[in-house]
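For reference, the chains in residue letters:
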Amino acid sequence: MTILQQGNPSSMPAKEFLTFVLGDENYALDIMTVKEIRGYEPATRIANAPSYIKGVINLRGDIVPIVDLRIKFNIGEATYNEWTIVIMLNVHDRVVGIVVDGVSDVMNLEAEDIKPAPEFGVAFDSRYLHGLAALEDQMVIIVDIEELISSDEIGVFEGA
Amino acid sequence: MDNLSQYNEVFFEEAQEHLETMETLLLAYDIDAPDMEELNSVFRAAHSIKGGSDIFGFKALTGLTHVMENMLDSARNNELTLTNDLITVLLETTDVLKSILSSYREETEIDWDIIEASKQRLGATLKEVTGSGVQVDALLEEEEDQGFGFFDDDEGENDDEQGFGFFEDDENDNEEEQGFGFFEDDENDNEEEQGFGFFDDDDKDLDNTKESNEEDIGFGFFEENMGEPDNNTATAGMDENPQQGDNIGYGFFNEAFLSEPLEPQANTTPLQTSGQKKAVAKAPVNKASETKSEASSIRVETNKIDKLVNLVGELVITQSMLNLIGGEVQESIADKMQSALIELERNTREIQEAVMSVRMLPISFVFNRFPRLVRDLSSKLEKKINLVIEGANTEIDKNLVEKISDPLLHLIRNSVDHGIEMPSVRLEANKNETGIVKLSAAQKGGEIVITITDDGAGLNRDRIIEKALEKEISLPEPLTDSAVWQLIFEAGFSTAAEVTDVSGRGVGMDVVRRNIESLGGRISISSTAGVGTVFTISLPLTLAILDGMTVEASNQVFIIPLVSIVESIQPVAEQIKHIKGKQLLWVRDEYWPLVDIGKILGGSATATNLETGIVVLVETSKLRFGLVIDSLLGQQQVVIKNLERHYRRVEGIAGATIMGDGSVALILDIDSITQFIKSDL
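So the sequence lines, in the order shown, correspond to chains L and G.
Add 197 to a position in the first sequence, counting from 1, and you land on the number used in the numbering used here.
Add 1226 to a position in the second sequence, counting from 1, and you land on the number used in the numbering used here.
Possibly wrong hints are sitting among the right ones.
Below, in silico cross-link-like pairs of lysine-lysine (DSSO-like), each with a Cα-Cα straight-line distance of 27 Å or less [to be verified]:
| hint | chain 1 | residue 1 | chain 2 | residue 2 |
| --- | --- | --- | --- | --- |
| 1 | L | 232 | G | 1533 |
| 2 | G | 1533 | G | 1624 |
| 3 | G | 1664 | G | 1610 |
| 4 | G | 1562 | G | 1624 |
| 5 | G | 1353 | G | 1324 |
| 6 | G | 1324 | L | 232 |
Only some residues are given here: those of chain G computed to face chain L with a beta carbon under 10 Å [as the list claims (entries may be wrong)]:
| hint | residue |
| --- | --- |
| 7 | 1238 |
| 8 | 1259 |
| 9 | 1306 |
| 10 | 1309 |
| 11 | 1329 |
| 12 | 1331 |
| 13 | 1767 |
| 14 | 1827 |
| 15 | 1865 |
| 16 | 1868 |
| 17 | 1870 |
| 18 | 1878 |
| 19 | 1882 |
| 20 | 1888 |
| 21 | 1889 |
Keep in mind that the hints were calculated from the coordinates and are not lab data.
Backbone N, C-alpha and C define an ideal beta-carbon position, used for all residues, glycine too.
Isolated chain G (complex conformation) (with noise of 0.2 Å):
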């Protein structure tokens, strides 16, 4: 078993690839034109899911996947009409196996009544929409009446016997596709819903698609080998064929089946066979025609790139190095080699943006879970929203992709929550009855703008002052719509819950707004009442590279982070003020605290006299002070290296970045820094 085993970790990332897409695929479903293709891609997954995971003995995801795939069936045969409700236990299903699926992969127990629960509410449904039982029981027995066959009943001497026919059979060229067959949606047609497609019994139906035909053949073949536990025709017929060539997979089974002519199977052997060899006619044309959009990816592991992106880096300052030394180069070859840097230069620059491409991801990966949130929430809330989406092809870094996610279900739940009204609401306000929801990404300049627009009923104004009032929050001046907006990411709102229930907007927007800070990034709202409301978040495209400001303090380099920036100065006497012996900047008509950068991580103080040095003003979702440094050195792009990779956390400090000629210098971890202040105060 061991030797199957290895692969559970594909086998995890598989499924969850195909529970996604089933998930995807049901919302997208269009009960009143249901499009076959899709139906039969959503059978497919679960399909694939069943299967991969009946070898694998993750038997909880093969019983309910099975049940499942049976209505799928059933409803892409036209047997069955799927409705709204189904569709909606259908996703619930998809739920409870992705519960099931992370139980197995983190090795925690399994929730059998769960899974029983959820067949229990298949078959209840199914019975509410076919409105006889017959059926139905049908498509639930199937499973106990059958089993698992071949696979089921023998698996600890069949698993290790397939593992080496699979395997290690070198001269079989098609061992992937056999031994992995379902991890590859599109090639595993042909030879899975052989392998696995025995629940396909009542139909019989000439007319039916070929596929049913290979299913038949299928269900012959298993059927026989459930009365014979110690079978190796599986393991025999390969290794006595290799000459079946790249149809081994096929032949695998035609050979068992063929093996046994004396199955008394209730389906027409004649059928069958004419089914046999259409299905390998079949193959071929399924391949070319599914496999395109699966072979333009690959999988790698994100180590291998996080290599690539050092390297790259390494490659950039050795670069500079050399156009240092190229300046240098006397006359008669100093064209020559000037040439060759420019070209070296823009090698190099095309390297890092290619490099840096592999780390980024549409943004659909993100966008992609919501229409379900939507489309749950909705429903619940007994509201009529349309969830549009557009730029779900922007790309950002992949760490971004994990990060951004949380804040954004946080906006779009508030948006269809406190956003959009009430149905009746909407009809007297002369509004269309259904809510939009609009999420869009685009890249601007070196950002990536997320918008979240509603045309709800706006923020209430004058519900957020008063709130503000009563939780003591100082009011903002002058009480501009933007100020009295942002007032909904202070921490105090997030607990009233009585507030989210009139204007909307409460719960938990300080940590939305924090957590799109450690990004880099920031988050405005505009709202007009009656009309809607708009979030826009601004991210870095990556969170690898950072826009700085590169400043002096007791002779050494430190980066300061362009987002937090908000203007450098050189003080002169009259702004300089004194609280307790400490100085204090008057600037913008507000009083600014400082930091001696040099002394608090350079270990010696700046400039004694504040008019000689700079303040770089800057400003965090807590605090605004001025950091006080010798020079402003300029403004760059850095790639970000994290200290903790070698070392400790260490205060103040965000990470490393190395410079241009090769040393490293600090990045400001503005934020943290705040903590100087308020112990010096």
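Chain L extracted, bound-state conformation (with noise of 0.2 Å):
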């Protein structure tokens, strides 16, 4: 995270955050690592993957792992509708996609405006977490999603 300086907000670029939910919580993660927003379409199944993994699809030419976060996480659950979104990320030069039950917003966040996480509380171990941030009246976490992705705890990229 780049430490935002203070004293002169109105002229300094914000990170943008795109914020997701799960359930009945709000996530939010660095839009930049976002390639595009998809509605959900049935995956290919892969041979003795996790649940999470639903398996991969054709992403113009692409064949590209899907994770399902509400089956990792145990948040929400998992129903696949017309509503059901698909955010794709570019993470370490590889394609991913997260399915989650709907993108909500992008808000503008300054370094100050992210507090540190609590140590326990939410559904993410605290190594994914880049801190907490009030958005009107609700809390959004805001997730590192480039270091959960790549970890050996969703196992999509081998060795990671």
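Hints in hand, dock the two standalone chains.
Laid out in structure tokens, this is it:
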């Protein structure tokens, strides 16, 4: 994370985050990692993959894995309908799709807007968190999505 | 210096190519009837490497190529006759140069001892050949005397200055020719030979080619500059004389030369002046005659091509979707729609073929390295062997080019080492003293067939059987010749050195077969005692496309590579046997273990009752077994997509492909599925 200077907020380019919904919790990830947002389409199952890896889809000629974060972190219900959203991410030169319940907004956050996360209380291991931010009345959990997706825990990439 | 280092990679590539050119030409060099044009080409290649390496500061390359170049130059001026020994040493020198080049490339330590040793060897051989040390010393010493003049002495400053002069002078439309002159074989003739041509000084013969005159000019210039390390003439000359226009490359040197008329060179000035004029006139001629072959190709990054292939794959899918929709279109425009769709289909197919062909390279890229191998091996083994190459223009996929090289190398080495007999043995057998190893390639349908034929002694059937028994390898039934030959592909044979001495073809043949199979190819042998042996390799045209059987299991579509399939059957009750509760199939007088594709890859078992399902019998190098599926969907070519690009490796899966409807289907890796059987039984 770049540390933003204080004092002249209007001219400071605040970092942009895409907020998304898992169950009834609000999350946000660095918008620079987002490749595109698509609707959910059935994926081709892959043998011996954990249940949260839905399989692979054809993204314009690339074979791309789809991870359902709701299953992985056991938040909300893994239903698939016309509102189910897949966020395609660029992570370490690879493309991965994550299934979420919906995307809500893009928000600008300055460094000082992000408060440190508590050690527990969120579905994710704190290693994958940047922190917490307040958006109006709601709390938004800022995810370090690159770290999370490339982690052993998700296991999408070999030897990651 | 940094502004130069960004071009290092280009230099490496070019130098590599030059070295390969040198090697090829040297190998083809006919001592009895030397072809001057070829000799000139070898010389130019050496020259280009030297020039380039000097500018980029790769001193180890510069020194050695310099010596080589002097020798070649003497040879092309008929002052020195290239003998077989000299050619051998020159070839060895190119090997050393290759290793130096890769040291620079990989930024490892340069082995200066090897360079020195190589220089010594060149000198020693030269002495033997010429019988007098005088000329030799001259050839070898020049380097020390002259150093590398201009560039060598004040490398730091001048390189930078040249960097600006060459690379950033936008007005100069010949920019490339100057800056990168040495990358383009054809154009550099005029420019480079002036730039680096100072080695040719003992050549003052008026009758000699114009080139030598140019070189003399170069010599004068550089020699002068050696004494003046802080020389700005080069840059100044260029900046102040933009009107020199398209011949500024020449003007650069010329200018410098003229601005220093006092140079007391041994060479006579009038001669040089006339030489200059000739050289000016000569430049365009040179270009016209030599650029042709080079200009017809360009270098493209592979990932750009991969992207094209991907996009075309997408286009093909979109096209087939349109086709489906087109069928539903109603009356009035249906005909128009149909004809447009047919047009589109044809166009997409042509684009696909064209894009695929971009990845294709002539197999000569592989074949060209074998004349050297055969030459070296046969002289080492004291055999006489003639390597014949046919069909070197046959094109194969670039990826295959890289991967087929090792197995071929192995097979040729085997043919030379074990196939072809010693000359005396051959004479006794009423054969020509010189053995023939023939390497040929041809396209047959969707496959490339490569054969390696030798007219040697053939495989020794009895010895192979004996050895197999010794190694406790079970003998095939019935013991036909072809079954016996297949034995040499068994892993156990690879260590049996003594077998190779008698019957040949032992070392690592299992590896050869495995490599070829991993490319989706097959290898077979035929051999007749006393007549020779033929290895036949069949490979798919490209690694990007695969002939597959589309099947369904557990509501999912899979592709089985066609090469592995023996047959597909619907088993009847009598064929189904049981062992420890597991089902086996009795087909073709063999028991076939079964693998349920749905269970191991799909998530739920396929057909519970084998009699309603279908079994695809497959074969790998290790095992034959049956794949249980629900139904066969059809046979089709599929574009192979790498699963590991965005995901990890999956056991049993070789990759994925995109079907006509845009969905993803997985391609089975028959080899790695065998492990499911082993864990199962």
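Status of each hint after checking the structure:
1. 232/L to 1533/G: holds, 17 Å
2. 1533/G to 1624/G: holds, 15 Å
3. 1664/G to 1610/G: holds, 14 Å
4. 1562/G to 1624/G: violated, 41 Å
5. 1353/G to 1324/G: holds, 25 Å
6. 1324/G to 232/L: At roughly 44 Å apart (the allowed maximum being 27 Å), residue 232/L and residue 1324/G break the hint.
7. 1238: Violated - the Cβ of residue 1238/G stays beyond 10 Å from chain L, reaching only about 25 Å at its closest.
8. 1259: violated, 55 Å
9. 1306: At 55 Å from the nearest chain L Cβ, residue 1306/G fails the 10 Å test, so the hint is violated.
10. 1309: Nearest chain L Cβ about 55 Å off; hint violated.
11. 1329: Where the cut-off is 10 Å and the nearest Cβ of chain L is about 30 Å from residue 1329/G, the hint is violated.
12. 1331: Cβ of residue 1331/G sits 24 Å from chain L, so the hint is violated.
13. 1767: violated, 21 Å
14. 1827: holds, 4 Å
15. 1865: The hint holds - residue 1865/G has a Cβ within 10 Å of chain L, the shortest such distance being about 9 Å.
16. 1868: This hint holds: residue 1868/G lies near chain L, its Cβ roughly 7 Å from the closest one there, short of 10 Å.
17. 1870: holds, 7 Å
18. 1878: holds, 6 Å
19. 1882: Given a least distance of 4 Å, the restraint on residue 1882/G holds.
20. 1888: For residue 1888/G, the interface hint holds, since the closest Cβ of chain L sits about 6 Å away, which is under 10 Å.
21. 1889: holds, 7 Å
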